[in-house]
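Spelled out, the chains give:
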Amino acid sequence: MEPLLDIRDLSVEFSTPRGQVKALRKVDLAVRPGRIVGIVGESGCGKSTLVSAVMGLLAGNARVTSGSIAFEGKELQGLSEEAWRDIRGRQLAMVFQDPMTSLNPVMSIATQMIDIQHRDSGTRADKLKKAISWLARVGIADPEQRIEDYPHRFSGGMRQRIAIAMALLVNPSLLIADEPTTALDVTLEAQIIHLIKQLRAEFDGAILFVSHNLGLIAEICDEVVVMYAGEVVEHADIRRLFHAPSHPYTQLLLTCDPARIESEERTLPTIGGTVPDLARLPRGCIFADRCPSVFERCRAEAPPTYTIADGHHVRCFLHADD
Amino acid sequence: MGFIIVVLLVISALGADFLATHDPFRMAPRQRMLDPSAEHWLGTDQLGRDVYSRVIYGGRIALWVSLTAVSLSLIGGLILGMLAGYGPRWLDNLLVLVFDAVRSFPTIMFALAMVTLLGPSIPTIITVIVVASIPVYGRIVRIQTLSMKETEFVLAERALGAGPVRILFSHILPNVIGPLLILASMEIPVVITIEAGLSFLGLGVRPPTPTWGSILQDGYQYIRDTPWLVIAGGLPLILTTLGFTFLGEALRDAFDPKLNRH
Amino acid sequence: MTDLLAIQGLRVRFRTVGFVRALIDRIADPYIDAVLDVSLKVRRGETLGLVGESGSGKTTLARAVLGLVPVHSGSINVAGRELVGLKESEYRAVRRELGMMFQDPVASLSPRKNVRNLLAEPFHIHGIRGVDTEAEARRLLSIVGLHQGFLTAYAHQLSGGQARRVGVARTLALKPKMILADEPTAGLDVSVQGEILNLMNELQRQFGLSYLIVTHNLPVIRHVSDRLAIMYLGRLVEQGSTRSIFAKPAHPYTQALLAAVPQPDPDKRRDQLELKGEIPSLRRRPPGCEFHTRCVHAQARCRIEPPGPIPLGDGREVRCHFPLV
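Chains as they are written, first to last, in this note's numbering: chain A, 1 to 322; chain B, 1 to 262; chain C, 1 to 325.
It should be emphasised that the hints constitute simulated quantities derived from the structure, not laboratory data. Just to be clear, a hint being listed does not mean it is correct.
Here are some chain C residues the structure puts well away from chain A; computed CB gaps all over 10 Å [claimed, not checked]: (1) Arg13; (2) Phe19; (3) Ser39; (4) Gly45; (5) Arg129; (6) Val131; (7) Thr293.
Straight-line Cα separation of at most 25 Å, SDA-like style, residue types lysine to any residue; simulated pairs [claimed, not checked]: (8) C:Lys113 x C:Leu86; (9) C:Lys268 x A:Lys130; (10) C:Lys268 x A:Ile87; (11) C:Lys268 x A:Asp222; (12) A:Lys197 x A:Gln97; (13) C:Lys177 x C:Tyr91; (14) C:Lys276 x A:Ala136; (15) C:Lys41 x A:Glu264; (16) C:Lys248 x C:Thr152; (17) B:Lys149 x C:Asn117; (18) C:Lys175 x C:Leu86; (19) A:Lys74 x A:Lys130; (20) C:Lys41 x B:Gly161; (21) C:Lys113 x B:Leu183; (22) A:Lys22 x A:Asp310; (23) A:Lys197 x C:Pro219; (24) B:Lys149 x C:Leu68; (25) A:Lys130 x A:Ser66; (26) B:Lys149 x C:Lys276; (27) C:Lys248 x C:Gln299; (28) C:Lys177 x C:Gly127; (29) C:Lys268 x A:Asp310; (30) B:Lys149 x C:Arg116; (31) C:Lys268 x A:Gln251; (32) C:Lys87 x B:Asn93; (33) A:Lys197 x C:Ala259; (34) C:Lys175 x C:Ser142; (35) C:Lys113 x B:Pro164.
Just so you know, even glycine gets a beta-carbon here, dropped at the ideal spot from N, CA and C.
Build out the structure end to end from the sequences listed, making use of the hints.
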């Protein structure tokens, strides 16, 4: 199947007083229609930069130095601001970590939900009806009354539900969810994840689900992309990633998750060392300094991506076939 | 740019004795209302005094009044504002009431009342300005203190056992002083204008002491005879205002942590 | 082991509306109880995990122990000394013995002080003379595993993990008996999270510290605590050993919390949602058992009669009419 979003060889640099920070390097990522693809990684791994690049919202000091981002077969780079707005309002939607980011505090929910349908024809009454039906679908009780309320009248969990309804209202072909439950309590988080799973039946687009929480990734995604220090180090089907992780970083990340440690062990595993400075990259593999399986070649040259099974890609010399 | 103007102003104020070409008080009735010449760089006024020298000495007074008034109101505002922000609720309510009362009173009326009571003099001007501007600083400090009172680092200091004095002076003060200094540098020209305004109205510094305000006043009265007096009194006022405003903006950029990071 | 911290019937109230507003709107009770009727103990050298969602009162409870929020009634006893009713000046001595780690590691460091000054400050605060603060700062840094170069760093130059270590070093300066830690791993990456918890564990062994760890992170608390106390709407609904609670939760809320943690295993996906609805407002506490509005096991009695704490055989205590064990 033709990918919906096809990112190839994408590199992004930021100009800072310390020099060029190479925030993304040669990122390949394909999202097929209807799939939920998880992006997992620790802080500074580049997942936010990747999302911004896809949304066309990179900061002013950022520059794409190589690669392409194709969406529904069309190259996104170099689009005019107007063309971007058209895509963002129609085919691409986003749910943020803090729901207040996407809700305007001084406008009622009804006004905002009608507003985002401004590209559609139809009367105001039709649009209101559609908005109410979406509120009902995301589990807001009494949607006819509540839709006249302002965002501050809703709890954090409810606001996130509304943000999801607003994102899906325009029936986008790709929804980007950037840590959508990080600001919520566990029981509310479980409810939102449950909601996304339920909505999947009605919403036929793909979802790019960004999270640092392996549990959530396992719960909801079909495939996973693991990022480290600006590179995609592993991309695999969800089962293969959790049962046969093949990059040493993925393996360590899984070992470190306390939710995966069954014993009552008091000393928790850690990944020694720190993330390298992205303004002064090492010559070899980006993970070499922290890798338990490091060998000579890793320090001499950067590994390419090897495909070790259908849909399973690893950027590591341990899987070199030459 | 702002810095250069301010430095020039300070040099001229400090070195007035050397920079002035004439005694600013000496009258020469036969040399009234002269146009600028090699002898009198900015001409002479209606009493034959050298305008250039009067402008230089006027700058000294303007700077002295404004710096004293601004630093006194800064210190007053800082102490009262921190007390209001960190102290008990009743004190906060009381101080806010006082601030509002003072602010709601027109400065010029207040100045008139004070001058009537105490007579026109430099200390009177300074008192008027200090009382009128303490609330400006006090309110800003109070708001900053209130918002900082609940931050985690203040709680962390309290959890270590730090008392209110240490928290206020060691932790809150360094965080409010930056914005306050910026405000102060932008207030200096305002104060200079107030002083000039009061002197212009005859409520400020007594003649024959040279101030920019009184030079302007003279110029205003004799504007039909010569434009030079108004220019001589007004131009330094404009330049000083610009200079301090630029300096304030430069300070703001320097203090802004968002621009300063890394 | 003896009790280091003993809390009895603690209640902390906050005023929600002003005096005048309450009169106008005829609100008879302008207060909410953030912490209500809480009794718990922490023994010497023990770690107690205080678990709850936002608004459960867990952070308020920890802050009340340090005298940072006023206590309405009840008793807080640390090493045999009653803290409720102490004056602010008397509390300062108590704060030498109790350290506190706040949730945001960077924001809890004074932004215009460098690490050297931050580490020397506890000694200045308590007027401790005859201490070489420079040497002490270096010693504390090495205890928490940071190199000396950090002495001149400011809070905004530190990563979350480094700032957390500085925070730990500061609380250790005065050799406290107990550390209250509010979400010590919030916002940290998994690999860094493990480092901080291991450090805390190591310090506990070395100095015989007691910990009260406030958290919502169940997978983490399981590995670091001896006992757990679960809070809901300001009350303790269950407390007991970590092992027994994880093995078989007795309160339906505890069970729901445990079930809400997503498992990092795609073969263990959940189809059922354990807990529906949201936490009720503290302004309108439900009658009877306060959890009955969301409880799947609720019966008629639960809607009327508030359950008292019931001791279970294994040393656990649960506030439920129909405990699950």
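So, going through the hints one by one against the coordinates:
| no. | hint | in the structure |
| --- | --- | --- |
| 1 | Arg13 | holds, 22 Å |
| 2 | Phe19 | holds, 24 Å |
| 3 | Ser39 | holds, 25 Å |
| 4 | Gly45 | holds, 13 Å |
| 5 | Arg129 | holds, 38 Å |
| 6 | Val131 | holds, 32 Å |
| 7 | Thr293 | holds, 13 Å |
| 8 | C:Lys113 x C:Leu86 | violated, 30 Å |
| 9 | C:Lys268 x A:Lys130 | violated, 35 Å |
| 10 | C:Lys268 x A:Ile87 | violated, 37 Å |
| 11 | C:Lys268 x A:Asp222 | holds, 14 Å |
| 12 | A:Lys197 x A:Gln97 | holds, 18 Å |
| 13 | C:Lys177 x C:Tyr91 | holds, 15 Å |
| 14 | C:Lys276 x A:Ala136 | holds, 16 Å |
| 15 | C:Lys41 x A:Glu264 | holds, 22 Å |
| 16 | C:Lys248 x C:Thr152 | violated, 49 Å |
| 17 | B:Lys149 x C:Asn117 | holds, 20 Å |
| 18 | C:Lys175 x C:Leu86 | holds, 22 Å |
| 19 | A:Lys74 x A:Lys130 | violated, 29 Å |
| 20 | C:Lys41 x B:Gly161 | holds, 23 Å |
| 21 | C:Lys113 x B:Leu183 | holds, 23 Å |
| 22 | A:Lys22 x A:Asp310 | violated, 30 Å |
| 23 | A:Lys197 x C:Pro219 | holds, 23 Å |
| 24 | B:Lys149 x C:Leu68 | holds, 12 Å |
| 25 | A:Lys130 x A:Ser66 | violated, 41 Å |
| 26 | B:Lys149 x C:Lys276 | violated, 37 Å |
| 27 | C:Lys248 x C:Gln299 | holds, 21 Å |
| 28 | C:Lys177 x C:Gly127 | holds, 19 Å |
| 29 | C:Lys268 x A:Asp310 | holds, 24 Å |
| 30 | B:Lys149 x C:Arg116 | holds, 23 Å |
| 31 | C:Lys268 x A:Gln251 | holds, 19 Å |
| 32 | C:Lys87 x B:Asn93 | holds, 24 Å |
| 33 | A:Lys197 x C:Ala259 | holds, 17 Å |
| 34 | C:Lys175 x C:Ser142 | holds, 15 Å |
| 35 | C:Lys113 x B:Pro164 | holds, 17 Å |
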